[in-house]
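**Student:** Single-letter residue listing:
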Amino acid sequence: MRALASLLCGFIFGWGLFISGMIRPDKVLGFLDVFAIPSGNWDPSLAVVMAAALAVTGIGYALARRRTPLFEAQNQWPTQTAIDAPLIAGSALFGAGWGLVGLCPGPAIENLATLSAPVILFVVAMAAGMAVHDLWQARGAAPAAKRSLAQAGAADG
Amino acid sequence: MANFTPVSAAIGGALIGLSAVLLMLFDGRIAGVTGIFAGLIDPLATDRAWRATFIVGLIAAPLSAALLGYAIPIPHLPTSLVTIAVAGLLVGFGTRLSNGCTSGHGICGIARLSPRSIIATGIFMLAAVIVVAVTRHLVGG
Numbered sequence: 025m026r027a028l029a030s031l032l033c034g035f036i037f038g039w040g041l042f043i044s045g046m047i048r049p050d051k052v053l054g055f056l057d058v059f060a061i062p063s064g065n066w067d068p069s070l071a072v073v074m075a076a077a078l079a080v081t082g083i084g085y086a087l088a089r090r091r092t093p094l095f096e097a098q099n100q101w102p103t104q105t106a107i108d109a110p111l112i113a114g115s116a117l118f119g120a121g122w123g124l125v126g127l128c129p130g131p132a133i134e135n136l137a138t139l140s141a142p143v144i145l146f147v148v149a150m151a152a153g154m155a156v157h158d159l160w161q162a163r164g165a166a167p168a169a170k171r172s173l174a175q176a177g178a179a180d181g
Numbered sequence: 431m432a433n434f435t436p437v438s439a440a441i442g443g444a445l446i447g448l449s450a451v452l453l454m455l456f457d458g459r460i461a462g463v464t465g466i467f468a469g470l471i472d473p474l475a476t477d478r479a480w481r482a483t484f485i486v487g488l489i490a491a492p493l494s495a496a497l498l499g500y501a502i503p504i505p506h507l508p509t510s511l512v513t514i515a516v517a518g519l520l521v522g523f524g525t526r527l528s529n530g531c532t533s534g535h536g537i538c539g540i541a542r543l544s545p546r547s548i549i550a551t552g553i554f555m556l557a558a559v560i561v562v563a564v565t566r567h568l569v570g571g
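Those protein sequence lines, which keep their order, are chains A and B.
Letter by letter, the first sequence follows residues 25 to 181 in this note's numbering.
Letter by letter, the second sequence follows residues 431 to 571 in this note's numbering.
None of these hints come from the bench; they were simulated from the model.
A few of these clues could be false.
Stated by the list, open to error - Looking from chain A toward chain B, a few residues come up when the C-beta cut is under 8 Å (computed):
| hint | residue |
| --- | --- |
| 1 | 26 |
| 2 | 30 |
| 3 | 53 |
| 4 | 59 |
| 5 | 74 |
| 6 | 77 |
| 7 | 84 |
| 8 | 102 |
| 9 | 113 |
| 10 | 137 |
| 11 | 159 |
| 12 | 180 |
From the three backbone atoms N, C-alpha and C, an ideal C-beta is built for every residue, glycine too.
Isolated chain A, as found in the complex (with noise of 0.2 Å):
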């Protein structure tokens, strides 16, 4: 049950990244390409995404705190709060990908739909991009803090 629940969850996501167009690395660029805004070519469509998206998983959330899961002993909700040095060089990072070519790891993944061969070079390259990044965080670590490396990789999203 509780890996059909997040098939349906996931089957969502992607239609929402599908009719926003957020699915479209060109509409991901119109809205991050500032330049356009006195030309007139602006394309604010992903802040009324991330607008709608906030408001609903606003107000879900809150009840969602109020109870538990239906397939699960509990909620995991994130437990980090540091404002540290990885937060701002991995975001600095990831911005820089995501600005170079327009996706982020969602419609990434869901492009492989369409079979196309650059997606499936940049999918590949994001994986190798995660594996490096655990690599490094494991190196030297004893096994023990490993698996709590990896658990703790749940903790943002």
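With the hints as your guide, set chain B onto chain A.
**Tutor:** Relative to the frame of chain A, chain B by itself:
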């Protein structure tokens, strides 16, 4: 703003929010694609099933749209394969280092009013805006 599509953006955004809320109500998990995908490819992972089905659902969405008659556009990516590979590496490494991407920090994190996620989103947006400005307008792209 000829390209602005506020109605489909609002509907699509609401669906993304609905997905995030349902994943918490059903499985108690944050709908962060980075965390879900990273946990799937992690050799030490022990809970792959729900992650795998989420990814399958994500990829099935445009396929089902195609069955309904929607055109599925092939994404326009840069012609340089080196640029694509470098961008993929940056996205993969960066999202793991900061522990989240547009969904995990940008939507789920900000919806929780997490200062970490608000800062992360501000930084990755700013970095992306700068890179787009440089590649499109300063180096003649």
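**Student:** So which of the earlier hints does this model not fit?
**Tutor:** Those not satisfied come down to hint 11.
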